[in-house]
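Residue numbers (the working numbering), protein chains in the order written: chain A, 1 to 348; chain B, 1 to 348; chain C, 1 to 348; chain D, 1 to 348.
There may be inaccurate statements among the hints.
Label pairs and their computed distance ranges (CB to CB) [stated by the list, open to error]:
id : chain 1 : residue 1 : chain 2 : residue 2 : range
1  : B       : Arg227    : C       : Leu45     : 32 to 38 angstroms
2  : B       : Asp222    : A       : Asp211    : 53 to 59 angstroms
3  : A       : Ile117    : D       : Gly204    : 38 to 44 angstroms
4  : A       : Gly165    : C       : Glu317    : 50 to 56 angstroms
5  : A       : Glu52     : C       : Glu317    : 39 to 45 angstroms
In the SDA-like style, the derived pairs of lysine to any residue whose C-alpha atoms are separated by at most 25 angstroms in a straight line are [claimed, not checked]:
id : chain 1 : residue 1 : chain 2 : residue 2
6  : B       : Lys325    : B       : Asn114
7  : D       : Lys313    : A       : Asp232
8  : B       : Lys49     : B       : Asn281
9  : A       : Lys337    : A       : Ser311
10 : B       : Lys313    : D       : Lys313
11 : A       : Lys82     : C       : Lys105
I should point out that these hints are in silico values taken from the structure, not numbers from a laboratory. Everything numeric in this text was worked out from a predicted model, so none of it was measured. Every residue gets a Cβ at the ideal spot worked out from N, C-alpha and C, and that includes glycine.
Protein chains: 4
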Amino acid sequence: MEKMLSVWKTHPKEGLELKDAPVPDPKDDEVLIQVKATSICGTDLHIYKWDEWAQKRIGKNIPYIFGHEVSGEVVKAGKSVKGVSVGDHVSAETHISCGYCYQCKTGNEHICQNVKILGVDTNGAFAEYLTLPYRNSWVNDKKIPHWVATAQEPLGNAVHTVFDGEVAGKTITVFGMGPIGVCAVALCKAAGAEKVIAIDNHEGRLKFGKDFGADVTVMASDGVDVRKEIMDATNGLGADVFLELAGAPKAFNDGIATLRPGGRASILGVFPKPFEVDVTNDIVFRGIRLSGINGRKMYDTWYKTQAFLRSGKINLEKLVTHRFKLSEIEKGFDVLKRREGMKVVLEP
Amino acid sequence: MEKMLSVWKTHPKEGLELKDAPVPDPKDDEVLIQVKATSICGTDLHIYKWDEWAQKRIGKNIPYIFGHEVSGEVVKAGKSVKGVSVGDHVSAETHISCGYCYQCKTGNEHICQNVKILGVDTNGAFAEYLTLPYRNSWVNDKKIPHWVATAQEPLGNAVHTVFDGEVAGKTITVFGMGPIGVCAVALCKAAGAEKVIAIDNHEGRLKFGKDFGADVTVMASDGVDVRKEIMDATNGLGADVFLELAGAPKAFNDGIATLRPGGRASILGVFPKPFEVDVTNDIVFRGIRLSGINGRKMYDTWYKTQAFLRSGKINLEKLVTHRFKLSEIEKGFDVLKRREGMKVVLEP
Amino acid sequence: MEKMLSVWKTHPKEGLELKDAPVPDPKDDEVLIQVKATSICGTDLHIYKWDEWAQKRIGKNIPYIFGHEVSGEVVKAGKSVKGVSVGDHVSAETHISCGYCYQCKTGNEHICQNVKILGVDTNGAFAEYLTLPYRNSWVNDKKIPHWVATAQEPLGNAVHTVFDGEVAGKTITVFGMGPIGVCAVALCKAAGAEKVIAIDNHEGRLKFGKDFGADVTVMASDGVDVRKEIMDATNGLGADVFLELAGAPKAFNDGIATLRPGGRASILGVFPKPFEVDVTNDIVFRGIRLSGINGRKMYDTWYKTQAFLRSGKINLEKLVTHRFKLSEIEKGFDVLKRREGMKVVLEP
Amino acid sequence: MEKMLSVWKTHPKEGLELKDAPVPDPKDDEVLIQVKATSICGTDLHIYKWDEWAQKRIGKNIPYIFGHEVSGEVVKAGKSVKGVSVGDHVSAETHISCGYCYQCKTGNEHICQNVKILGVDTNGAFAEYLTLPYRNSWVNDKKIPHWVATAQEPLGNAVHTVFDGEVAGKTITVFGMGPIGVCAVALCKAAGAEKVIAIDNHEGRLKFGKDFGADVTVMASDGVDVRKEIMDATNGLGADVFLELAGAPKAFNDGIATLRPGGRASILGVFPKPFEVDVTNDIVFRGIRLSGINGRKMYDTWYKTQAFLRSGKINLEKLVTHRFKLSEIEKGFDVLKRREGMKVVLEP
C-alpha cells in the first residue's frame, strides 16, 4: 500500500506531528486528489495551538490529519463521480453537506444542519493526498498556479461577505485586515465601490489593506476615535456597508454605529464570546440590515470567485507572502504566530 | 379665535393637563384635521409617566400637546396641498420627514435623518384638532369607523415587521403580545403562515394572541424553557421567521437561537439598554438575517395595511378594548398602567 | 421476474397501449415506488393525441411508459439512497437534473441544462411501479391520501408562479382556470391577496375559479373587453400582479397591459408559437417585471406546497373531479378531451 | 422683463426656431437655472425631425421650448424650496412626478402615472434659463465641468439599466452602442463584470464600445450570425445578463435567446412597433427574468451616477464628441442626423 507524508494532530496540546500514512482510497462518490499546494488558515492555527475552541470542537476527533485549503490534481475517481475527471485541477469546498436537510434542499448547503468540515471533522489537506466527495471538488482553471489557487478559499469567504448586498457606488468600511479582509478590500474596489475604508490595529496589516486598494485607512490604536474617523471620511453621513472580518466586539459596534440609516452589515468575524450590543439605538431605530456570513455559497460564491480570478481583476498572488515545503510546516505556523505576512502556502 | 380641548404635557413629572387652546391654522402644505378618534400608544405612556426615556427625548419640548394615533376629517387645506381634500377621512403617518436627505431621496423616508415625530417633536393628536403636512395625511376608506381607523398605526408597525420578508408557508415565532404583537399574529395567519407561535409572560396578553390566531402559545413564566417549547413545536428544526415585538433581551436571544439556519429576524422591539448577544453562535455560524424595523414604510406599508383592512382579513375592531371621551383620558392611562386590555381609544 | 400493468406510448399516432412489463430494478441512487395514485397532466394529453409538439419532443423515445404525476410508497431503495426510506409515501419531482451544470450548482436545478423529464425522457408513472432517483423523491405527509398527493405537482407549479413575488395585500389577475390556474387562485387568497380576478373563456372552468376563491371572474367571450373589465375592477389603476396560466397570446397581452406601472408578470403558460408583443408601451415605458416560470424550485416550492397542504389552507381534494382504475385510463383521457372536470386520478 | 435666447419647436414639421423669450419666473417650489451646458438626446432628434412619434406625443404642445439634458447654476429659488440653494450647480431629473399616485408613494416616482417630461410636456433646457421644481434639481459636484455634467442624464439611464441586477463577475451582452450603450459598457467593467460583449451594426459606434471597455465586439452586419458569435464568446453557456439599448426587435430576440437559463434581460430600448417574441422557448422554459427600464430611479440612480463620476471610475468627458454654441444648435442636429459622434453639447 502506498504511503504519503501527512500532518497529524495527535495529542491534546500545542503542536503537530509529521508522519507517513497510507494513501486513502476514494469511495464511489469521491475523488483522490494529489495535493500540489495547501495553505494555513486561522482555524488551523487554533488547532495547532489547541486553544479552548479547538479542545471543544476537535477534542473527540484526534488523531487525524488537519488542513483544508488546497489545490491539487485528481488522480482517481469513484464510479459515480460526475462533473470532474482525472487530470482536473481542483480545490475543495470544505463544507461537506448532507444533501437532504431543509437548508441543503433550498439552496443553502453552506449552512447544512449536518455539515462536516474538511480537516476539522474529517481527514484534511495537510498531506500528499486526500479524498473528497465529487460534489465538493471545484475544478480550477489550469492557468492559475496551484500555489495561488489554494488561496481561493479565503477569497471565497470575502466574495460571500462582500456580495451579500450591493457594492457598486457604495462607501464601505472593512474591519480586520487579515487575508479575508484584504481580499474584501480588493473585491469592493474591483466591483465599483466609491470609497473603501480599512480599519485594523496592526500597522503591517493596515498597510496590506492599503496595497489591496483601500482609499482610507484607520489605525485603531488605543485612544483613536475610530467612529469619528469614519464619520469624517463619509462627510458625516456614515457608510453604506460595513464588513466585519476582525472578530472583535469593538469592531462590530463601531461598524454598526457608523452605518447610514438603512445600511448593510455583513458579519463573518468570529468573536471569542457574547458581548453587549445596543440593539435599539444602533439597529432598530436606524433600520439596519445585518447578516451572519458562513462559508461560501455553494456554488454561486465559487463562480464569482472564479470570474474575478479569470478576469485578472483580483491579484491573489500578492496574498501569498510565504511558501514552504510541506515538511517545513512548523515554519509556517511560526510566521502566523508572530502575525507576520498574510497567506502561508505549503507544497509537498 | 376658536378654542379646542387639548391634552398637554406641561410639567416634568408624571401626569398630564387638560386645557383649552386655540385651534391651529394650517400652513400652505398642511391640512387641518378635526379629530374624531385618537388612541394611546406605549410611547404616550412613557411620556405620561415621564420616565427616563421621556425626560431625555422630550425634556426640551414641554409644554406641548402629545398623542399621535388618530383618525379624523379634513376641514381645511393649505393652498399647495395635493392628493387630499376637505371632507376626506385621514390618519397620520407620524414620521414627518425632511424630504431631501439621502434616505428620503431613496425610498426610506421612515428613517429620515432629520425626522420629526408627531406628538413627540410637534403638537400632536390628543386634541379636537391638529395640523399635519399633506404628505403625512393618509386618506382612509370611509367605511372604516374612526375609532377603528385610529388603531391603524400600530397595525402598520406590524405590517412593516411581518412583511420584512416571506410569510406564506412559514413557521413564525412572535414574541410580545401587545397591540403590535397580536396584529402581527393575525397578519401572519392572513398571509398564509403555516404555524404561528406566540410568546409572552402575561396570561391575558397571551390569550389575546390566541384569539388573534396563534396556533401555539408559550407562556414565558419563570422556569419555563421557552427554547425547548419552540424547538418541540417545530419538530426540532426551529422557526423560519422570528418577530421581536417584546423589547426584552431574553426574547431577542431566545428568538434568534430558535431560528433555523438562514432564518429571518425582524426586530421592532425597543430595549431599555444594551445587552449581551452571542453573535458568533447565534448569528454568524447559522447565517441569520436580521433587520431593525422602525415606523412604517412610506407608503408601501400603508397600502398593505389598507388592503388588509378593506378585504376584511384583519378585524381591527377587537383590538379596541376600551373607548372613553377625550376628557376622560386619565381613565385610559389607568387601564394601560395596569396592563389591562389592548388599545384604548379616545373620542372628543 | 415480477410483472406490472403499465401504459405505453408505442406507436407514432393518437392513443396508448396497456401491457404487462417487468417491474424495474432501482439503481444505487434510486428508489422503487409502488404507485398508489397517478394523474393525467396536460402534457400527457399532448402525448396521447400525438400532436406536433409530442412528435417533435418525444418522437425518438417511443416505445416507453408515460405519465409523471404520482403518489406511492417506497418498496425498495438503492444502497446510496439518503433522506428517504422504504415505507415512505413519496411523490416525484419530475425534473431529473444533472447536478453539475451552472444552474444545478447555483440553486436553479429546475432549469438544468441537461434536464430529463420523468415520463417524457424516461419511463414514467402510468404503471404499478416506477424507479426514481432519491434526489427526486419528495416524502409526503402520510395524512394526505395518495389520490390527493398525486395532484401536488400542478399545485407546485401554481406555488412557483404565485410566489415568484409578493402576494399579501395585492390585486392579482389570473388568466386560465385549468388545474394550475384554480390552484393559483386558492393560493393567492390563502396568502392574503386583497383581490383575485380570474379570467377564462370557458364557463365551467370559470366556475371552478369562483369556487376556489376568485373575488371577480371575467368571462373572456368574443366581444368582451377584458381589459376594460379588469381596469374597472381595479378602479382604473390596474393589477399589481398578473399570472399567465392560459398559454394564450391574447391573455399574455391583456394581462400585461392591465398591470400597474411597476407590476409583476409571472408567465407559466406555454404558447403554441411566437406572437406579437408591444414591448415598448406595455413593458418598457411602464417598468414591468416579467419572469418565465418553469417547473418547481427544488425544493423551496415543495416545502411551501407541503406547508399549504399540511395547514389545511389549500383543499386539493376538490381539484380531483374524476377517479378511475389505472386500467380504465382511456376513460380519463376522454374526460380531458371534452374539457370536463379538472384533475383525473388513476389508481392501480 | 429680461430676455433670453431659446430654441422653439413652433411648426408641425422638421426644424426648429431660435428666438428671444422672457426669462421665466420660478414658482414657490421651483428654482431658476442659468443654463451653462445642454445636450441633445435622441428624443430631441425625434422632435426636430417631427416623425410619427413626435407628432403623436408632442403635437398639442407646440409652440414650446424643447431640450432636457442640462447643467447650470441656480440663480433664484422659490420660497418653499428645500435642499438646493442659489449658487448650486444642478442638473435636471426630467421626470416631473405628481408626488401622490401609488407609484410616487411607493418609491417608484420614475413611473408616476401623471408624469410630465421636461422639454416634452413643459418648456425645456434649450435656452439660457429654465425653471425646475426643486424636487427635480440634482446638485452636482462643482468639480465636474458643466459640459460634462449635462451628459449625466444618459449615464443615469445606463446606471438604471446596468444595476437592475447583479453585475460583478457576470458575462454581459450590451446591444446598441449609442451614448447610453457605451456608458453601460463602461459601467459594467467598472462594476466588476467578467466579460462585456458589445453588439452594434455601425462600425464607428462599435469602436466607441471598444474604447469604453468592451472585451468582445460583434459587428451585426447582414449575414453575421450574432447568436453564434455570442455563444462562442461564452463557451456555449450564454450570457448572464442582457442589456437592450438598441431598440431593435432583432437585438431583443438575439439577446434573450443567448441568455443562460435563469438570466436577466433589462430592456431600455424603444422599439418602433410591436414585434414577434418566442415567449415559450426563449422566456418561459428557460426561466428568464426581464424588466422594462424607464428613466432613472429617483434618486437612487443619481446617487450611484454621482459616485461613479466622483470616484473617476467613469470618464464621461470622452462621451462628448462635439461642442457648439447654443445658437449653433442646427450644427448639432446635423451631426446626429449623420450618426456621427456620441454626445453633442451646446453652451449658451
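Hints and how they fare:
For the pair B/Arg227 and C/Leu45, the supplied restraint of 32 to 38 angstroms is violated, since their beta-carbon distance comes to about 52 angstroms. Range check, B/Asp222 to A/Asp211: Cβ separation about 56 angstroms, and the 53 to 59 angstroms hint holds. A hinted range of 38 to 44 angstroms is violated for the C-beta pair A/Ile117 and D/Gly204, which are about 56 angstroms apart. Look at A/Gly165 against C/Glu317: about 44 angstroms separates their beta carbons, and that is not inside 50 to 56 angstroms.
For the pair A/Glu52 and C/Glu317, the beta carbons lie near 57 angstroms from each other, so the given range of 39 to 45 angstroms is not met. With a C-alpha separation of about 34 angstroms, the suggested pair B/Lys325 and B/Asn114 falls outside the 25 angstroms cut-off, and the hint is violated. With a C-alpha separation of about 23 angstroms, the suggested pair D/Lys313 and A/Asp232 falls inside the 25 angstroms cut-off, and the hint holds. Distance hint between B/Lys49 and B/Asn281 is unfulfilled; the C-alpha atoms sit about 39 angstroms from each other, more than 25 angstroms.
Distance hint between A/Lys337 and A/Ser311 is unfulfilled; the C-alpha atoms sit about 34 angstroms from each other, more than 25 angstroms. At most 25 angstroms may separate the alpha-carbon atoms for a hinted pair to count; B/Lys313 and D/Lys313 exceed this at roughly 51 angstroms. Restraint check: the Cα-Cα separation between A/Lys82 and C/Lys105 comes to about 13 angstroms, which is no more than 25 angstroms; the hinted pair holds.
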